[in-house]
Amino acid sequence: MNYEFLPSVAAPLSRLIQEFNRLPGIGPKSAQRLAYYLIRMPEEEAKSLAESILAIKDRVIFCDVCQNITENSPCYLCSHDSRDKSRICVVEEPLDVLSLERTQVYKGTYHVIHGVISPASGIGPEDLKIRELLNRLKDGLVEEIILATNPSLEGESTAMYIHKLLSPIVNKVTRLARGLPVGGDLEYADELTLSRALDDRKEI
Amino acid sequence: MSNTEKIYKTQGIILRHYPLGETDYILSLFTPNRGKVRAIVKGARKLKSRIGGHVEPVMLTSFLLTKGHNLDLINQAECVDSFRIIREDLTKLSKALYILDLVDAITNESQSNNDVYLLLLDTLKNLTNDKNDNLIPYFQIKLLGSSGFMPELYQCVNCGKEIVMNAHRFCPDRGGVICDSCNPFNVRILSLSLTSLKVLRFFQRSDYSHVSILNIDGDTNKELQDLLYALLFSAIGKELKSYRFINDVAEETVDSLKGV
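So the protein lines, in turn, are chains A and B. Numbering of the first sequence is given in my numbering, commencing with residue 19 and proceeding in unit increments. Numbering of the second sequence is given in my numbering, commencing with residue 28 and proceeding in unit increments.
What the hints contain is simulated information worked out from the structure, not anything from laboratory work. Fair warning: this is a prediction, and the values are worked out from it, not measured in the lab. Warning: the hint list may mix true and false statements.
Subject to a maximum C-alpha distance of 25 Å in a straight line, what follows is the list of computed PhoX-like cross-link-like pairs (lysine-lysine) [to be verified]: (1) Lys182/A to Lys268/B; (2) Lys220/A to Lys75/B; (3) Lys103/A to Lys65/A.
Modelling step: build the complete structure from the supplied sequences, incorporating the hints.
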């Protein structure tokens with residue numbers, strides 16, 4: 019719906035509705051509801067929201083080292099002394115770093131490639147941050163690369179591609195284990211997951 | 028089985044998936060009786076999804092679907108063959124992705140085409156073998172034939188006369204061979220060697236078991252690749268990135284990315 023031609027809606031409000039409407043997953047109705055909610059919001063809260071939107075455009079950059087989204091480059095994880103710089107965990111998206119950090123198990127560094135190889139969608143290896151990963155390996159200090167792309171077809175092909183690229187340069191290239199999720203159900207497990215769970219079984 | 032039932036069962040090869048919303052996928056399937064079907068599968072991207080591991084591309088899966096207005100809905104899915112050998116080998120996988128991409132691009136929705144289904148299934152099975160020479164060119168020429176773009180290899184596409192030995196060229200936009208005396212205006216014409224013409228004719232009439240034992244030299248292979256790609260390009264009308272990915276995974280290109 020084009021609000022510019024609706025005299026019953028104030029012009030600044032219709033502009034806001036249109037801006038909300040551009041966001042992913044927000045349709046015209048949700049856009050209207052959000053805009054009318056903001057009218058009733060205290061002024062400080064609204065200002066803080068507006069400023070935070072501007073701040074991510076002004077101050078957020080890609081870390082030169084790991085390509086994660088950060089305010090300062092190198093980012094907190096890359097510059098911190100307690101992190102093991104000889105290990106790099108390769109992930110698809112910045113949100114994957116958050117998930118892995120939540121485990122509090124991994125103490126190495128990360129590399130975000132920002133996507134996966136998906137020829138059907140027109141995304142090839144040259145569109146990802148793989149060159150940057152190769153640059154990080156030049157000094158020869160890295161001992162292990164952990165490939166933590168998603169266990170989907172695209173994630174697997176990306177992992178295989180990076181493995182092929184890195185195996186002559188790095189001693190150890192590993193892949194996250196694939197198997198049954200906690201709370202899963204054997205009856206519904208697919209043959210690929212089950213066979214990999216059997217392949218990688220462990221003594222208890 | 029009638030195509031008007033509300034709930035139906037079918038097997039299908041998953042050509043590709045597109046993410047939808049937070050946890051869903053839209054799948055593009057190729058089925059024996061209904062051709063290409065697009066369907067939604069709910070919650071497949073959740074880690075604990077019971078269906079997610081059965082609906083990845085390059086899988087033959089058995090489905091229970093409900094017919095919808097626009098897209099059908101997948102109720103149940105069970106993988107029949109995951110082609111594990113293909114998905115664990117990057118070279119094979121890159122070829123499989125190209126094969127699926129081609130079928131997706133050349134077929135239309137809801138037009139049943141059992142020939143294409145059987146060809147696709149056979150090709151994926153042959154790809155799991157260690158030796159799969161000539162499989163891609165063979166698949167391309169058979170796919171063109173089964174989907175209504177069979178190349179003309181015996182008569183000139185311009186004047187209709189029988190092609191005589193060593194007086195032939197190739198015209199991808201008109202879909203076949205053209206004689207030396209015809210020069211239609213504003214049409215791209217490629218050279219075609221006698222060996223390539225013989226190989227194309229042989230591929231068109233033979234089974235893969237005969238094609239796989241044929242040794243083709245490098246130059247002829249290159250010429251065939253270019254001819255077939257030009258032919259497919261004029262049938263599909265767009266560039267396929269998966270074609271480039273096959274070369275990307277070949278050793279040399281990997282080295283070139285390394286040189287940074």
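For each hint, the structure was consulted:
no.: 1; hint: Lys182/A to Lys268/B; result: holds, 20 Å
no.: 2; hint: Lys220/A to Lys75/B; result: holds, 21 Å
no.: 3; hint: Lys103/A to Lys65/A; result: violated, 40 Å
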